[in-house]
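S.K.: Okay, here's what each chain looks like letter by letter:
There are 2 protein chains.
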Amino acid sequence: MFDEATAVRAGGRSDEWSADVRHEMTIVNGHPNGGYLLALLGRAGLAALDEPGRRVVSATASYLAAPTVGPCTVVTDVQRRGRTASQVRATLVQDGRPTVDVQLLAADLVDREPDWGDEPPPAMPTLEECLAHAEAHPRPPITGDELPPLTKVVQATFDPATAGWMRGRPSGAGEMRAWLRFVDGRAWDPLALLLAVDAVPPATFDVVMTGWVPTLSLTAYVLGVPAPGPLRLRFRVGQIVDGRVDEVCDVWDSRDRLVARSTQLAAIRMP
Amino acid sequence: MFDEATAVRAGGRSDEWSADVRHEMTIVNGHPNGGYLLALLGRAGLAALDEPGRRVVSATASYLAAPTVGPCTVVTDVQRRGRTASQVRATLVQDGRPTVDVQLLAADLVDREPDWGDEPPPAMPTLEECLAHAEAHPRPPITGDELPPLTKVVQATFDPATAGWMRGRPSGAGEMRAWLRFVDGRAWDPLALLLAVDAVPPATFDVVMTGWVPTLSLTAYVLGVPAPGPLRLRFRVGQIVDGRVDEVCDVWDSRDRLVARSTQLAAIRMP
Numbered sequence: 203m204f205d206e207a208t209a210v211r212a213g214g215r216s217d218e219w220s221a222d223v224r225h226e227m228t229i230v231n232g233h234p235n236g237g238y239l240l241a242l243l244g245r246a247g248l249a250a251l252d253e254p255g256r257r258v259v260s261a262t263a264s265y266l267a268a269p270t271v272g273p274c275t276v277v278t279d280v281q282r283r284g285r286t287a288s289q290v291r292a293t294l295v296q297d298g299r300p301t302v303d304v305q306l307l308a309a310d311l312v313d314r315e316p317d318w319g320d321e322p323p324p325a326m327p328t329l330e331e332c333l334a335h336a337e338a339h340p341r342p343p344i345t346g347d348e349l350p351p352l353t354k355v356v357q358a359t360f361d362p363a364t365a366g367w368m369r370g371r372p373s374g375a376g377e378m379r380a381w382l383r384f385v386d387g388r389a390w391d392p393l394a395l396l397l398a399v400d401a402v403p404p405a406t407f408d409v410v411m412t413g414w415v416p417t418l419s420l421t422a423y424v425l426g427v428p429a430p431g432p433l434r435l436r437f438r439v440g441q442i443v444d445g446r447v448d449e450v451c452d453v454w455d456s457r458d459r460l461v462a463r464s465t466q467l468a469a470i471r472m473p
Numbered sequence: 203m204f205d206e207a208t209a210v211r212a213g214g215r216s217d218e219w220s221a222d223v224r225h226e227m228t229i230v231n232g233h234p235n236g237g238y239l240l241a242l243l244g245r246a247g248l249a250a251l252d253e254p255g256r257r258v259v260s261a262t263a264s265y266l267a268a269p270t271v272g273p274c275t276v277v278t279d280v281q282r283r284g285r286t287a288s289q290v291r292a293t294l295v296q297d298g299r300p301t302v303d304v305q306l307l308a309a310d311l312v313d314r315e316p317d318w319g320d321e322p323p324p325a326m327p328t329l330e331e332c333l334a335h336a337e338a339h340p341r342p343p344i345t346g347d348e349l350p351p352l353t354k355v356v357q358a359t360f361d362p363a364t365a366g367w368m369r370g371r372p373s374g375a376g377e378m379r380a381w382l383r384f385v386d387g388r389a390w391d392p393l394a395l396l397l398a399v400d401a402v403p404p405a406t407f408d409v410v411m412t413g414w415v416p417t418l419s420l421t422a423y424v425l426g427v428p429a430p431g432p433l434r435l436r437f438r439v440g441q442i443v444d445g446r447v448d449e450v451c452d453v454w455d456s457r458d459r460l461v462a463r464s465t466q467l468a469a470i471r472m473p
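Sequence order for the protein chains is G and B. Going letter by letter, the first sequence gives residues 203 to 473 in the numbering used here. Going letter by letter, the second sequence gives residues 203 to 473 in the numbering used here.
If you are wondering where the hints come from, they were derived from the structure by calculation, not from laboratory data. Careful, some of the hints might be misleading.
[What the hints assert, rightly or not] Taking CB as the label site, the calculated pair distances span:
(1) G:A212 with B:M203: 46 to 54 Å
(2) B:V295 with G:G298: 23 to 31 Å
(3) G:T286 with B:S373: 27 to 35 Å
(4) G:E206 with B:R369: 52 to 60 Å
(5) B:G298 with G:R369: 54 to 62 Å
(6) B:L329 with G:R369: 46 to 54 Å
(7) G:G284 with B:A429: 39 to 47 Å
(8) G:D458 with B:G214: 51 to 59 Å
(9) B:E315 with G:D386: 42 to 50 Å
(10) G:G255 with B:E331: 44 to 52 Å
(11) G:T286 with B:D310: 36 to 44 Å
(12) B:L329 with G:P324: 29 to 37 Å
(13) G:M203 with B:P273: 47 to 55 Å
[Claimed, not checked] Derived list of chain B stretches under chain G, where covered just means 3 residues or more per stretch with a C-beta under 8 Å from a C-beta of chain G:
(14) 213 to 222
(15) 257 to 267
(16) 280 to 292
(17) 398 to 404
(18) 416 to 423
(19) 433 to 445
Note that the Cβ used here is the ideal one computed from N, Cα and C, for glycine as well.
Model the full assembly from the supplied sequences, consistent with the hints where possible.
M.R.: As C-alpha cells, this is what we get:
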C-alpha cells in the first residue's frame, strides 16, 4: 500500500507530477498523515532529480493547508545538482493551491557503520508484549469510535509504560516508545523512513489528552539504510509553550542502528 | 552590527528586497555564517509578511551555494497568512542565482513560562571562567592565523572541558558548551536567536579536527523571548556516518529558560 500510495506519474511538464492522496494513509477526519505526504513528495523529488542511487537524506515540510484525499499535482524544482548531494523542492498542489511545501536533500546513502555516535535504542518490551492501537479500550480519544485508517497500513505497537494515553491516562513523561511495521510485510527502506518518523500519535498525548496536534513544520533526516525487520521509535516532547510544541522522534532498525531522526513544531491547545 | 548586517530595503517589487552580506559576519574564507543568513532571510520574510508582533518561530534553510560578501537580493513568497501563524519563503539571490532558500513560520511569541518541559541548562563554569577563541593557542586550526571575523561580533566563550579542540585536542565527547554574547552589548531577541543556534564552530571539532563542516540543511525553532544577558549553548553531535553529520544545538537564556533549539545536517570528511 505504501508504494501505491506514494506513486507519482509524469505529468504534462518535466516539473509536474500527478499522484493520489490515499484515504488509507489518513489519520483523523480524513487528514493525510504528515509523514506520508513527506514520503510522497520525497518520491516526486527523486523522480525529478532522476539520479540513480540517490536517496532523500533530509526533508523539511511546511504544512500550508490540509490536503484532501484524491488526485493532486506535485510541482518540483531542482535547485542544485551536486557531486555529493542534490537539492530539490516539491510542492503538493490541489485545486491550484499549494498545500505542502518540501525542501529535499538527496545523496547516496551507503549501508555502513557510523564513524562516530551510535546511540542505542531504548530498552523496551518485545513487539509481542507491546500494545497496538486496536487493543486500547476505549478507542483512542482522537478518533472517537474508529481507528485511524493508517493503523491498517502501518502498525505501531506501544511500550505499555508509554501507552496510558490509549486509556486516557497519560504517564506525564512526554514519551512514546513503539515498534513499527508495515501490516502487509513491506520492508522498511530510506523512503519509508520519512513516513516512520511521523507515524504515531503526538507524543503530547503522553502529557495531556487534547484534540489533534497539527504539525506546522516537520524535518526528517535519514541517517542509514534500515535492516529488514520492525523499527523501534522513541517519540519525545521537548517543550509545550504558548500553543506550540516541539517533538523529536528517533528511529532504530533491527540491528539497533539509529537510521532516522526527526524534529517537528506543532500547534497544541492546552485544555 | 547584527542589525546593520541583517537590514533589508524594499526593492523594486513587493516581493523583492535588497540587502548586503557583510564581511563582519563571515567565518572562514569569506563564507558568511549560516545562522546569520538565516536571520537575514528571516528579517526579510517578516518584512514581507508585515504582520506586527509576529516573530520567526521556525526556520529551515537549504544552502544551495556559497553566498559571497556584498549586495544581494532576497525574494520572498508569502505562502499562507494564518490566524495563529503565517508561512513565508525567502530566497537569497546573488548574480541571478539562488544561494540560500529558507522556509519560515511566523507567529506571535509571548514571553511566558512553558506549560510543560523545562529542560535545565547544562552545568558549566561562569562566563569569566570560560575560554574565548582568542585565548586559544595556537589559533583554531580552521582559520590558520586569523580568528573568524564573526568572533568580533558575537563572542562565544567555551567551557574549558569542551574547548580542547582549540588546542587540537578534542575531548571525543562530541559536545561544546559556551556562553554567547554580542560584543557590542546588543541584547538577544527572537530574531538574533536564529544566529545564536549556529554561532559556534561545528560540534564535530570536539570529535575530530577536520576542515570546515559545511551545513547542508539547518532548522531552528524559536521557543521563547530571551531575557537580557548572555545565552548558554549546548551543541552536540548526533551521528557521523558516510560523510554526513547531524548536530543539535540547545540555547538557554539568563533565566535558565530554553529559548531556541536547532538541528542541522552537515557534510564532513573524516581524515
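S.K.: Look at each hint and say if it fits the structure.
M.R.: So, going through the hints one by one against the coordinates:
Hint check: A212 of chain G to M203 of chain B, Cβ distance near 50 Å, so the stated range 46 to 54 Å holds. At about 26 Å, the beta-carbon gap between V295 of chain B and G298 of chain G stays in the expected band of 23 to 31 Å. The given range of 27 to 35 Å is respected by T286 of chain G and S373 of chain B, whose C-beta atoms sit roughly 28 Å from each other. Against the hinted window of 52 to 60 Å, the Cβ-Cβ separation of E206 of chain G and R369 of chain B comes to about 57 Å, which satisfies the hint.
With their beta carbons about 59 Å apart, G298 of chain B and R369 of chain G fall inside the hinted range of 54 to 62 Å. Range check, L329 of chain B to R369 of chain G: Cβ separation about 48 Å, and the 46 to 54 Å hint holds. Between G284 of chain G and A429 of chain B the beta carbon distance is about 41 Å. The supplied range of 39 to 47 Å therefore holds. Between D458 of chain G and G214 of chain B the beta carbons are some 56 Å apart, a value that agrees with the proposed interval 51 to 59 Å.
Distance hint check for E315 of chain B and D386 of chain G: the Cβ-Cβ separation is about 46 Å, which falls inside the suggested range of 42 to 50 Å. For the hinted restraint 44 to 52 Å between G255 of chain G and E331 of chain B, the CB-CB distance of approximately 50 Å keeps it satisfied. In this structure the supplied range 36 to 44 Å holds for T286 of chain G paired with D310 of chain B, their Cβ-Cβ distance being about 40 Å. Separation of L329 of chain B from P324 of chain G is about 35 Å and conforms to the stated range, judged on CB atoms against 29 to 37 Å.
In this structure, M203 of chain G and P273 of chain B meet the distance hint of 47 to 55 Å, their C-beta atoms being roughly 51 Å apart. Evaluation of the coverage hint for the stretch 213 to 222 of chain B: breached, as 0 residues show C-beta separations to chain G shorter than 8 Å, against a requirement of three. Here's how the stretch 257 to 267 of chain B fares: 6 of its residues keep a CB closer than 8 Å to some CB of chain G, so the rule of at least three is met and the hint holds. Counting residues of the stretch 280 to 292 of chain B whose CB falls under 8 Å from any CB of chain G gives 6; the rule of at least 3 is met.
Residue count for the stretch 398 to 404 of chain B with a Cβ under 8 Å from a Cβ of chain G: 0. That is fewer than the three needed, and the coverage hint is violated. Evaluation of the coverage hint for the stretch 416 to 423 of chain B: fulfilled, as 4 residues show C-beta separations to chain G shorter than 8 Å, against a requirement of three. With a threshold of 8 Å between beta carbons, the proposed coverage of the stretch 433 to 445 of chain B by chain G holds, since 7 of its residues qualify and at least three are required.
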